[in-house]
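Put together the whole structure using the sequences plus the hints.
The listed protein sequences derive, respectively, from chains A and B. With my numbering, the residue at position 19 of the first sequence is 251, and numbering never jumps. With my numbering, the residue at position 160 of the second sequence is 392, and numbering never jumps.
Take these hints with a grain of salt, some might be off.
[Said to hold, decoys possible] Straight-line distance between alpha carbons at most 25 angstroms, and here's what the computed PhoX-like set of lysine-lysine pairs gives:
#1 A:Lys394 <-> B:Lys429
#2 B:Lys429 <-> A:Lys387
#3 B:Lys298 <-> A:Lys429
#4 B:Lys387 <-> A:Lys429
#5 A:Lys299 <-> A:Lys288
No lab work stands behind these hints: they were computed from the structure. Computed from a predicted structure; not experimentally measured.
Number of protein chains: 2
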Amino acid sequence: MTLAAVKPIYWQVNTQVGDQVPDTREILMDTAERSIRLGGYNAVSFRELADALGIKSASVHYYFRKKEDLGVALVDRYSQRFFAVLEKRADGARTAEALLDAYCQTYRTALTSSDAICLCGMLGAETSGLPDAVSSAVRTFFRANLEWLVDAMPKGLDPAAKTARASHVLAALQGAMMLSHNMDDISVFDAAAEVVKAGL
Amino acid sequence: MTLAAVKPIYWQVNTQVGDQVPDTREILMDTAERSIRLGGYNAVSFRELADALGIKSASVHYYFRKKEDLGVALVDRYSQRFFAVLEKRADGARTAEALLDAYCQTYRTALTSSDAICLCGMLGAETSGLPDAVSSAVRTFFRANLEWLVDAMPKGLDPAAKTARASHVLAALQGAMMLSHNMDDISVFDAAAEVVKAGL
DNA sequence: GTCTATAATTTGATAGAC
DNA sequence: GTCTATCAAATTATAGAC
Numbered sequence: 233m234t235l236a237a238v239k240p241i242y243w244q245v246n247t248q249v250g251d252q253v254p255d256t257r258e259i260l261m262d263t264a265e266r267s268i269r270l271g272g273y274n275a276v277s278f279r280e281l282a283d284a285l286g287i288k289s290a291s292v293h294y295y296f297r298k299k300e301d302l303g304v305a306l307v308d309r310y311s312q313r314f315f316a317v318l319e320k321r322a323d324g325a326r327t328a329e330a331l332l333d334a335y336c337q338t339y340r341t342a343l344t345s346s347d348a349i350c351l352c353g354m355l356g357a358e359t360s361g362l363p364d365a366v367s368s369a370v371r372t373f374f375r376a377n378l379e380w381l382v383d384a385m386p387k388g389l390d391p392a393a394k395t396a397r398a399s400h401v402l403a404a405l406q407g408a409m410m411l412s413h414n415m416d417d418i419s420v421f422d423a424a425a426e427v428v429k430a431g432l
Numbered sequence: 233m234t235l236a237a238v239k240p241i242y243w244q245v246n247t248q249v250g251d252q253v254p255d256t257r258e259i260l261m262d263t264a265e266r267s268i269r270l271g272g273y274n275a276v277s278f279r280e281l282a283d284a285l286g287i288k289s290a291s292v293h294y295y296f297r298k299k300e301d302l303g304v305a306l307v308d309r310y311s312q313r314f315f316a317v318l319e320k321r322a323d324g325a326r327t328a329e330a331l332l333d334a335y336c337q338t339y340r341t342a343l344t345s346s347d348a349i350c351l352c353g354m355l356g357a358e359t360s361g362l363p364d365a366v367s368s369a370v371r372t373f374f375r376a377n378l379e380w381l382v383d384a385m386p387k388g389l390d391p392a393a394k395t396a397r398a399s400h401v402l403a404a405l406q407g408a409m410m411l412s413h414n415m416d417d418i419s420v421f422d423a424a425a426e427v428v429k430a431g432l
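Structure (structure tokens):
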């Protein structure tokens with residue numbers, strides 16, 4: 233077997249027989265997102281991305297001229313997917329309790345399905361060291377989260393209380409992802425989520 | 233004025249007339265801690281540290297042989313200081329409410345006095361990309377936090393409820409620091425902290 | 001304690017051929 | 001789209017002089 237016959241790492245880890253072939257740009261983004269969610273923005277390099285796909289770093293620059301462009305594209309895609317999943321999960325929900333449960337479940341799945349924290353949780357922490365365009369996209373994600381949560385709050389609450397509780401829910405779940413992943417204990421996330429839901 | 237007469241950045245920013253002179257090792261740690269808390273572990277380099285003090289990077293290696301050693305020393309010092317401040321603040325506290333308020337206040341001060349998130353919040357997020365010794369030290373910090381919180385819970389609660397609420401408090405405050413700093417809005421932290429305290 | 005000097009590696013990025 | 005070739009800069013780290 234020649235070296236060329238060895239499949240790039242992405243395929244060894246993330247695919248199975250019958251999988252559709254994602255295009256190169258998509259695979260690059262999958263690989264980069266995973267690295268960032270595990271180790272942060274600086275944990276991804278064009279060279280390592282290229283190696284994972286079996287191409288050269290110059291080819292990665294064809295898809296994303298600068299690293300900053302990759303970062304923004306990742307946050308945008310992540311945000312779209314997150315809210316798509318959230319809306320689907322919250323579709324039948326009629327009560328504030330059900331909406332909040334759907335919200336918590338969406339974050340839980342983000343954590344467990346990737347065994348990594350939220351992309352924006354990581355980039356949000358690193359925000360001061362990131363290109364402006366990236367940290368700006370992250371802030372947009374958080375603002376959208378807060379707006380969704382405010383709308384999901386019980387109708388009786390006054391606006392100030394809604395805002396305060398929305399901040400609490402988002403903060404608690406983001407922190408719970410970090411803590412749970414750091415301590416390698418999903419019960420940490422579940423415990424925090426339970427208290428969040430009980431506080432409604 | 234010669235170039236040598238220009239004081240290194242640390243002194244321009246962090247000192248005032250009458251300040252005691254911290255030793256080089258301490259200043260290096262102050263500078264490194266600030267960089268990490270703003271941009272993450274990879275945001276600090278031996279060269280930039282050296283520049284900030286007006287020395288050479290080889291001299292930084294005299295104090296910390298490897299970057300990993302610096303990381304561990306930072307977490308240990310941070311942890312000691314955190315609990316020293318916490319114990320002082322919680323000194324007169326007799327009720328669970330007072331203890332929790334002291335705990336929240338300690339985190340709030342960590343955020344506002346540095347305009348940066350918790351050192352361990354940052355390193356906790358990046359944990360998968362860090363040297364084992366560093367992420368291990370961070371985990372120790374979190375475990376100590378949870379133990380302190382469990383002990384601070386109302387006596388009536390059963391052990392499982394104490395553990396769950398402790399996880400929630402730590403997660404919520406860590407997330408609140410991240411979110412508040414990212415959105416540059418201290419009211420986000422305060423709102424989350426209020427809900428945390430009200431939930432007791 | 002601090003320096004010079006240096007090594008080995010990695011990184012982000014570009015020009016231009018195919 | 002992917003490549004070769006290349007660059008300038010930065011990074012971690014060490015050896016040894018003063």
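Fill in: Unmet hints by their number, sorted upward, for this structure
Of the numbered hints, just 3 does not hold.
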